[in-house]
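K.L.:
Take a look at the letters that make up each chain.
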Amino acid sequence: MHNTFIARNPSVLWFLAALGLFTFGVTILSEATGLGLISTSFVKTLGKTLCLCLIAIAMDVVWGYCGILSLGHFAFFGIGGYAIGMWLMYARTEAIVLQNFSAQTIPATPQEISDAIGNQIFGVVGSSDFPAIWSFADSLVLQLAMVVLIPGLLALVFGWLAFRSRVTGVYLSILTQAMTLALSLYLFQNDSGLRGNNGLSGLQNIPGFEQTPQATISIVFFLASAFALGAGYLFFAWVISGKMGSVVQGIRDNEARVRFLGYHVESYKLFIFTITAVVSGIAGALYYPQAGIINPGEIAPIASIYLAVWVAIGGRGRLYGAVIGAAFVSLLSSWFTGGGAPDINLGFYTIQWTDWWLVLLGLSFVVVTLYFPKGIGGLFDYLVRKPS
Amino acid sequence: MIATLLEVSGVTVTFDGFRAINNLSIQFPPTGLRAIIGPNGAGKTTFMDIVTGKTKPDEGHVIWGEENVSLLGLSESDIATRGIGRKFQKPTVFEAQTVRQNLAMALKNPRSPFAVLTHRRTAKNAAKIEAIADEIGLTDSLTRIAGELSHGQKQWLEIGMLLAQDPRLLLVDEPAAGMTVEEREKTTDILRRAAETRSVVVVEHDMEFVRRLDCKVTVLHEGAVLAEGSLDHVTSNQTVIDVYLGRGHA
Ligand SMILES: Nc1ncnc2c1ncn2[C@@H]1O[C@H](COP(=O)(O)OP(=O)(O)OP(=O)(O)O)[C@@H](O)[C@H]1O
Ligand SMILES: [Mg+2]
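Just so you know, the protein sequences line up as chains A and B, in that order. To convert, count from 1 in the first sequence and add 4; that's the working numbering. To convert, count from 1 in the second sequence and add 1; that's the working numbering.
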């Protein structure tokens with residue numbers, strides 16, 4: 005069965021091969037192996053990019069295949085990041101606190117230890133009590149479960165309410181924007197229990213691996229991200245191949261017709277919305293330990309809009325298109341905004357790319373939407389055009 | 002066998018005060034063909050919308066099957082899985098997908114997301130698709146993208162999708178629109194064969210087409226039944242001539 009799935013979807017094999025080759029190349033050239041041709045910070049950038057590619061394929065499935073233009077998937081990404089960030093921060097602070105107390109002659113009481121950890125984490129927002137949502141922060145397993153459960157449950161409830169009322173099109177997009185905005189505004193509050201606008205930081209330090217150099221840690225996360233992207237790609241390719249893909253694309257093209265065929269459209273939308281939210285959460289949980297910090301700004305509505313732009317530029321309705329779009333645009337974006345691109349002096353005016361990059365991106369989006377609706381991925385159609 | 006498969010009684014629908022369906026009552030037996038004719042705006046499509054759950058009536062009953070289930074309040078998908086299939090006035094097939102995919106989607110199989118996700122191709126399903134493709138004359142086009150088909154072929158594909166659903170009641174809205182004479186003949190044959198084992202309701206303007214269907218005819222006018230009987234019977238009815246037939250020749 006699996007053979008026939010691959011045989012019917014050769015692009016999956018090509019993608020996995022390319023991803024494998026890329027991963028192998030980066031690993032060999034990284035500082036972790038001693039070759040050091042690729043710096044640790046760039047390995048992190050590449051690892052983060054793989055996570056962005058993962059959420060981009062989720063976006064492509066929900067939008068490109070199912071026709072739901074969600075402008076809120078970065079909320080799920082952020083939740084995944086916060087969920088793992090809580091454990092990272094708690095466990096690391098606990099280690100530091102225990103270290104400090106070990107110098108004392110009188111052993112510290114559990115209450116003292118807890119207070120000290122609380123002080124360390126919540127001092128910035130003028131508090132030292134642990135909010136209820138940190139109840140499981142000491143357990144890696146439970147926080148990992150939350151990476152999956154919270155985005156999944158939120159998507160399930162939100163989707164159920166929205167799809168059941170048959171909210172579609174631009175109204176649904178606005179609703180998803182409202183969801184991500186509400187979440188971001190909530191997190192910005194100091195009493196949200198997640199350190200307000202400070203967010204969670206120091207996430208690059210993995211508890212238990214204090215002695216391991218960042219070069220090694222970065223390559224481990226890079227490999228994990230590559231594995232997650234490969235697995236996610238395979239999973240979504242399987243979901244959208246075959247009959248499920250038919251029904252889902254039918255919903256995109258003519259929802260009413262699918263209903264009259266006897267399919268309960270709302271259940272299908274809910275299924276797609278929820279699995280893509282879960283994958284987005286996983287992508288976020290891998291991303292933020294590489295970024296080192298997460299704050300509510302990451303969940304701002306604009307992030308989810310960028311996600312749609314990546315997928316549109318890469319070419320929606322094909323998974324590798326989403327990967328290309330996310331990788332290409334996000335890397336280009338960090339090059340432009342990071343001062344990599346030389347400013348252009350026009351004599352009377354100097355184009356500084358840190359300011360003008362967004363304009364360029366906006367223009368590209370318009371041009372792609374109007375003239376190349378298939379995006380960059382559409383170029384592959386010319387390459388593999390069947391002889392007719 | 003039951004005498005009535007679908008019973009619509011006393012149904013009224015108003016759109017912004019305008020009565021599109023006015024105290025309509027109509028019944029269909031478990032097998033056989035029925036033609037519904039009537040001038041533009043008579044409420045033919047709206048009648049199908051009510052039966053298939055797209056439009057909720059203000060008043061009346063729609064009763065289905067042996068168990069006398071009320072269809073009012075059921076969702077479109079629920080009604081469809083209970084055995085009512087529908088072809089739209091404008092051919093609506095999934096243009097981005099192949100003919101085979103269109104038929105496979107319509108084929109009577111479990112409809113839940115989980116069942117669909119774990120669905121496997123079977124020889125039995127493939128054989129059914131082949132048989133339907135043969136019936137609608139699209140055997141050579143199974144791997145073609147539906148969007149590339151001619152208008153008539155799309156109409157047939159949609160009829161094929163209906164057959165694949167294996168419904169007990171087929172509601173067919175203007176199947177012959179835009180078809181050549183030859184295509185029309187073939188369409189009549191398909192519909193007549195389908196009506197051997199199920200109830201088929203055809204809405205059509207074209208009198209020649211209706212004549213060839215050779216079945217009981219119901220004339221709708223201003224949302225109610227104006228006349229019912231054989232084609233010759235209704236076309237000799239003076240009111241029918243006045244409101245409908247007269248128009249074309251006036
Ligand atoms: N959703 C709606 N809102 C308002 N008016 C409607 C709606 N649907 C139908 N109507 C009106 O109800 C009347 C009946 O329409 P319907 O489409 O059922 O006619 P029909 O018999 O199918 O006509 P045709 O032969 O042109 O297809 C028309 O006057 C139409 O304008
Ligand atoms: Mg009509």
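FYI, nobody ran anything at the bench for these hints, they're computed from the structure. Where is the CB? At the ideal position from N, CA and C, for every residue including glycine. Accuracy of the hints is not assured; some may be wrong.
[Unchecked claim] Each pair of labels, with its calculated beta carbon distance range:
1) A:V371 x B:K91: 31 to 41 Å
2) A:Y175 x B:M208: 36 to 46 Å
3) A:T373 x B:K91: 42 to 52 Å
4) A:G366 x B:Q90: 21 to 31 Å
[Claimed, not checked] In silico DSS-like links for lysine-lysine, alpha-carbon gap of 25 Å or less:
5) A:K247 x B:K125
6) B:K109 x B:K125
7) B:K187 x A:K247
8) A:K378 x A:K247
9) B:K187 x B:K91
10) A:K247 x B:K109
[What the hints assert, rightly or not] Covered, in the sense of this in silico footprint (three residues per stretch, anywhere, with C-beta under 8 Å from a C-beta of chain A), are these stretches of chain B:
11) 72-81
12) 108-117
K.L.:
Run every hint past the structure and note whether it holds.
P.N.:
Hints, verified against the model:
1. About 33 Å separates the C-beta atoms of V371 (chain A) and K91 (chain B), a value consistent with the hinted range of 31 to 41 Å.
2. As the Cβ distance of Y175 (chain A) to M208 (chain B) is approximately 44 Å, the hint placing it in 36 to 46 Å holds.
3. Between T373 (chain A) and K91 (chain B) the beta carbon distance is about 27 Å. The supplied range of 42 to 52 Å is therefore violated.
4. For G366 (chain A) paired with Q90 (chain B), a C-beta distance near 42 Å fails the hint of 21 to 31 Å.
5. Under the criterion of a C-alpha separation no larger than 25 Å, the hint pairing K247 (chain A) with K125 (chain B) is consistent with the structure, at around 16 Å.
6. Distance restraint check for K109 (chain B) and K125 (chain B): the Cα-Cα separation of roughly 12 Å lies within the 25 Å cut-off, and the hinted pair is therefore satisfied.
7. As the CA atoms of K187 (chain B) and K247 (chain A) are separated by approximately 30 Å, the hinted pair breaks the 25 Å bound.
8. Between K378 (chain A) and K247 (chain A), the direct Cα distance comes to roughly 23 Å. Compliance with the 25 Å bound is thereby established for this hinted pair.
9. Proximity of K187 (chain B) to K91 (chain B) is assessed by CA-CA distance (about 19 Å); at most 25 Å being required, the pair is judged to hold.
10. Between the alpha carbons of K247 (chain A) and K109 (chain B) the distance comes to roughly 13 Å, so the proposed pair stays at or under 25 Å and holds.
11. Counting residues of the segment 72-81 of chain B whose CB lies closer than 8 Å to any CB of chain A gives 5, so the stated coverage by that chain holds, three being the minimum.
12. Residues of the segment 108-117 of chain B with a Cβ under 8 Å from some Cβ of chain A number 4, which satisfies the need for three, so the listed coverage holds.
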